[in-house]
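Here the protein sequences come in this chain order: P and W.
Following the numbering used here, the numbering of the first sequence begins with 24 at its first residue and continues without gaps.
Following the numbering used here, the numbering of the second sequence begins with 6 at its first residue and continues without gaps.
Keep in mind the hints are simulated off the structure, nothing from the lab.
Be a bit skeptical, because a hint or two may be false.
[To be verified] Derived Cβ-Cβ restraints for the label pairs, each shown as a range:
(1) W:Glu565 to P:Asp59: 52 to 58 Å
(2) P:Asn347 to W:Thr595: 51 to 57 Å
(3) P:Ser60 to W:Asp571: 42 to 48 Å
(4) W:Gly604 to P:Arg179: 16 to 22 Å
(5) W:Gly604 to P:Ser60: 41 to 47 Å
(6) W:Arg592 to P:Lys52: 30 to 36 Å
(7) W:Arg592 to P:Gly108: 50 to 56 Å
(8) W:Asn38 to P:Arg179: 53 to 59 Å
(9) W:Arg287 to P:Arg179: 24 to 30 Å
(10) P:Arg179 to W:Asp236: 53 to 59 Å
(11) W:Asp571 to P:Lys66: 41 to 47 Å
[Stated by the list, open to error] To give an idea of the chain W side of the interface with chain P (calculated C-beta under 10 Å), a few residues:
(12) Ser87
(13) Phe297
(14) Ile501
(15) Gln502
(16) Lys576
(17) Asn579
Remember, it's a predicted structure, so these values are computed and weren't measured experimentally.
We put the CB at the ideal spot given by N, CA and C, even for glycine.
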Amino acid sequence: MNDTICAISTSLGVGAISIVRVTGEDAIKIVDSIFDSSLVDKKTHTIHYGHIKYNNEIIDEVLIMLMKAPKTYTKEDIVEINCHGGNSTTKKVLEILLLCGCRLAEPGEFTKRAYLNGRINLLEAESVNDLIVAKTDAARMLAINNVDGNLTKRIRSIREKIVKILANIEVNIDYPEYQDEVQVTQQLMNEYLTDINKELKKLVEGAKNGRIIKEGINIAIIGRPNVGKSSILNHLLDEEKAIVTDIPGTTRDIVEGSITLNGIAINFIDTAGIRETSDVVEKIGVDRSKRSAESADIILFVANNNEKLTKEDLELLEKYDSENLIIFVNKCDLERKIEIPGNISREIIWGNTIDINGLDSLKIAIKNKLNLDSIVNKDMSYLSNIRQIDLVNKANSAVENAYNALKNDMPIDMIEIDLKSAWEYLGEIIGDSYQDELVDNIFSNFCLGK
Amino acid sequence: MYDVIVVGGGHAGIEASHIAAKIGKNTLLVTGNIKNIGDMPCNPSIGGTAKGIIVREVDALGGLMGHIADISQIQIKMLNNSKGPAVRSLRAQADKITYPKNMQDTLMKMPNLTIKEAMIEDLILEDNTVKGVVTSDGTKISGTMVILTTGTYLKGNILVGSENTPGGPHGEARSNHLSDQLKEYGLKIIRLKTGTPQRIKKDSIDFSVMQEEKGDKTPWTFSFDYNASYDIEKQQSCYLLYTNENTHKIIRDNLKKSAMYGGYATGVGPRYCPSIEDKIVRFADKERHQLFLEPESLYYDDWYLQGFSTSMPRDVQERMVHSLKGLENAVITKYAYAIEYDAIDPLQIKPSLENKVINNLFTAGQINGTSGYEEAAGQGIIAGINASLKLDHKEPLILKRSDAYIGVLIDDLVTKGTIEPYRMLTSRAEFRLILRHDNADLRLREYAKKCGTISDEQYRRFQKKKEEISELTNILKEKHISLTADNKKIFERNNIQIPTSNLSFYELLKRPEIKLSFLENFIDLNFSNEVKEQVEISIKYEGYIKKTYKEVEKLVKLEEKEIPDDINYAKVLNLASEAKQKLEKIRPKTIAQASRISGVNPVDISVLSVYLKKEYNK
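Chain P extracted, bound-state conformation:
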């Protein structure tokens, strides 16, 4: 076993309870020395009531969860101290533990131990991190699914398929005189590659969903001033009782607010003020708005039912015309003055912010555009971080190389080289292939305590 580490595992705010977690060789011994009854001979996976004492002073009244190796998160002894919440008490308990021989855990060190002690694989370890930072229910479900190894299973099954083909080719090569064995012909290889390519594409497609679930969708609201952008946002936010988030990030610092639809975070980006201007300062703002509009997943163009479309409106419509454009005509409770030019082919959504259900049509349009209903399902197993997606893409292009080589009449032995690297890339995702600095890199992205 390892040296003993400890950390506060609950978030550092004020709450009813906070948990200090201790794991390692002396976890039980150390906690025992500051607890008022003996833990050493107690059964594993039991809870004990008592007090944390130091220098004859009672620090806190606590519940202690005792978990002995190996059936624990880290596969080492774990003791969790449930303290009364509040910064000062919890910190005091932590301090005492440090004085008694524990070391403060590095970020992610608990999970690192779980990984290094062979309890979870790399992909599962990454998913634990996702689980911790999950912002929505769907993101949480995705993470827990991957912690359970669903994605691992999928990737393993593709790898198994590849290995089977590789093995068949090897047999053909090593035993050329045995004509009775299945020969991997061009045609057969073609079938195999098509199948694997399909599977990998599903993963890549799924990765898009994984990102959506994890990070949510960015919707840029564009339109002239006073068409009702802000009231739409407020209406949506108010109705969903969503919290206005302050997620740090590059584009997100202009996020106006987030709601959840089907468990997925929808981040609205206000781009108010897209217009021609000579003011230098305002121009910077406009450029930034334009950029965020361009990188958004959906562009929501808002027009006013009660006014005619202006030249500016038409220019925006033309500029942002794409698959991802939703045209919303607001203020339908007022008299219709708007005229829709015949050349606009996109679907137009009508609604208002006055009626309780006035924005339902908009929500449905967003859901449909993103296929939200099909993204969030029970057996979600999507790749959700850049490292994984990058590797799947690499695997897929290796398979495509193999496919092209096949078309060019390259001998089977060359085709196999690409197939083998696809297999290795997939192995890297789940940590079956060894890569040097990968481990430290991944674990430094963990929050403290887990």
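Start from chain P and add chain W according to the hints.
Only chain W this time, still in chain P's reference frame:
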């Protein structure tokens, strides 16, 4: 007092003693029967997939097997010609009379080499260092280095049905005590099994109902130093035949009578070369199995029934053979048998093939757990070279996995160990695109030169070949095709798309449908076929070759991360206990080697790397 004593005159012993003598060491070859030097007790062929490449590597390193096979073969062909340059491999039917005879003649003429007939039963040991050998009559022969290449003779047992006869192949005497002695000196002994099929009398075979398999119409040689000098038209044929339902029934009905299934054998047999009863049990749904009839020699009438090896009693063998189409009236001249023998655990061997427990003792061939003439020869030459280098206090020759199949073979043995006789397969080599049969000289002759195992003349020819390769490559890069009407016609005639501009020949050759021979319509290339082949492969598959080298680089990086000899694995926290045990036992020299040990997972390697960084700042 000899510099080097080699025990055993099989394919490993031959190469070991020959190369040591060639380097100039006073060498003794001791064998139970001089007439059996170079004997082929099993299949009458040299080479085959992957194995053929090893033969070329032995040749490139200055060994004998390639050339002797060339002058003793009665049929030769290139396998896997269509499956890619990396997996091509030569296979020759070698005459079982001519091959040993040519081998013996060559060895008899070797300066520095003495050959003696004796059975070795013990080693002379002082302080864990070998000082010589002891024969069965107690005679002591001293030598500084000893190389054991005992094949299947260590406590060999021949199994036919329930019969169990002590002895080696051909009823030769076995070594009764040597393996016990080795065990006493601290070596772990494992028991392995192999087998050989029936020999059939030629005029009792009806070849007319079998499929004929002919030799290639292109001349080939294993050796880089001689040209082919055989008559292509006079090659012998082999024949393909199949088992049938009746054969399978006979085997199933009598399964308990076989040595293996009756429980009369204890050794572990090879998975890749199963007995016919194994095949029928393990692949029960297969309707038939392929068999081959191969001629053993021009000088006697035995044909080798490849694929039919068994340990059934003789009467069942008779019925099995007679159930085969074309062999209804066959006369069996030798019955199939299984043979069990002692080997040492290869995990106790260093990559130099020197023993970890006993200094100056080297081993090669079946005693190290391998199977096959070629695998034996590959180890034999390395053991011979390294014993000689050690005499000169020089660093051993350790071929990397990216250098040679021999490197892969030895690394696998000493890193992973083996529980069954180890056979080389192309799939064991991760860098096989650069370990081709055609470039074995380019890969290994520099090493050979350094070790003094090739002559100046051989090295000069090799240099010349290298120069010609770069000359031809430059010509193809510098010269461009001119798209004259005549030239365009040549493209059209060959159904090849006419290039749109005056491409260089190098660029043209990169196109999949264009071969170098086609380009010779436009440009005179006065080079040997070997040089052309080399250039064509390296241009055509350049992308793939580069990819492979990238992988090699990755490995080299890990190979450079050395693990200190004094590492205490008990102190490495977080290592899984299985990994700890394996690492402790094998004590790999580098992180790369550690990563190949089965049971050592990527996680363990990370842990180990972190530990090395921390403790040794590596």
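Review point. Per the CB criterion, is Ser87 (chain W) less than 10 Å away from chain P?
Key: holds (7 Å)
Point to revise | Restraint satisfaction for Asn579 (chain W) [CB to CB of chain P, less than 10 Å] | key: holds (5 Å)
Practice item. Verify the interface restraint on Phe297 (chain W): the C-beta must sit less than 10 Å from at least one C-beta of chain P. Key: Since the shortest Cβ distance to chain P is 7 Å, the answer is holds.
Exercise for review: Please verify that hint: Lys576 (chain W), Cβ, nearest Cβ of chain P, below 10 Å or not.
Suggested key: With a closest approach of 13 Å, the Lys576 (chain W) hint is violated.
Check your understanding: How does the Cβ-Cβ distance of Arg592 (chain W) and Lys52 (chain P) compare with 30 to 36 Å: does it lie in that range?
Key -> For Lys52 (chain P) against Arg592 (chain W), whose Cβ atoms are near 34 Å apart, the range 30 to 36 Å holds.
Review point. Has the hinted range 50 to 56 Å been met by the Cβ atoms of Arg592 (chain W) and Gly108 (chain P)?
Key: Holds, at about 53 Å.
Point to revise | Verdict for Asn38 (chain W), Arg179 (chain P) (Cβ pair) under range 53 to 59 Å | key: About 54 Å separates the Cβ atoms of Asn38 (chain W) and Arg179 (chain P), which means 53 to 59 Å holds.
**Study point:** Distance restraint hint 42 to 48 Å, applied to the beta-carbon atoms of Ser60 (chain P) and Asp571 (chain W)
**Key:** For Asp571 (chain W) against Ser60 (chain P), whose Cβ atoms are near 46 Å apart, the range 42 to 48 Å holds.
**Study point:** Cβ separation of Asn347 (chain P) and Thr595 (chain W), checked against the hinted range 51 to 57 Å
**Key:** With a Cβ separation near 53 Å, Asn347 (chain P) and Thr595 (chain W) satisfy 51 to 57 Å, so the hint holds.
Review point. For the pair Arg287 (chain W) and Arg179 (chain P), does the Cβ-Cβ distance stay inside 24 to 30 Å?
Key: At roughly 26 Å between Cβ atoms, Arg179 (chain P) and Arg287 (chain W) fall inside 24 to 30 Å, so the hint holds.
**Study point:** Ser60 (chain P) and Gly604 (chain W) - C-beta distance against the hinted 41 to 47 Å
**Key:** holds (43 Å)
Exercise for review: Hint says 16 to 22 Å; check whether the CB-CB distance for Gly604 (chain W) and Arg179 (chain P) agrees.
Suggested key: holds (19 Å)
Going through the hint list in order, the structure does not satisfy hints 14, 15 and 16.
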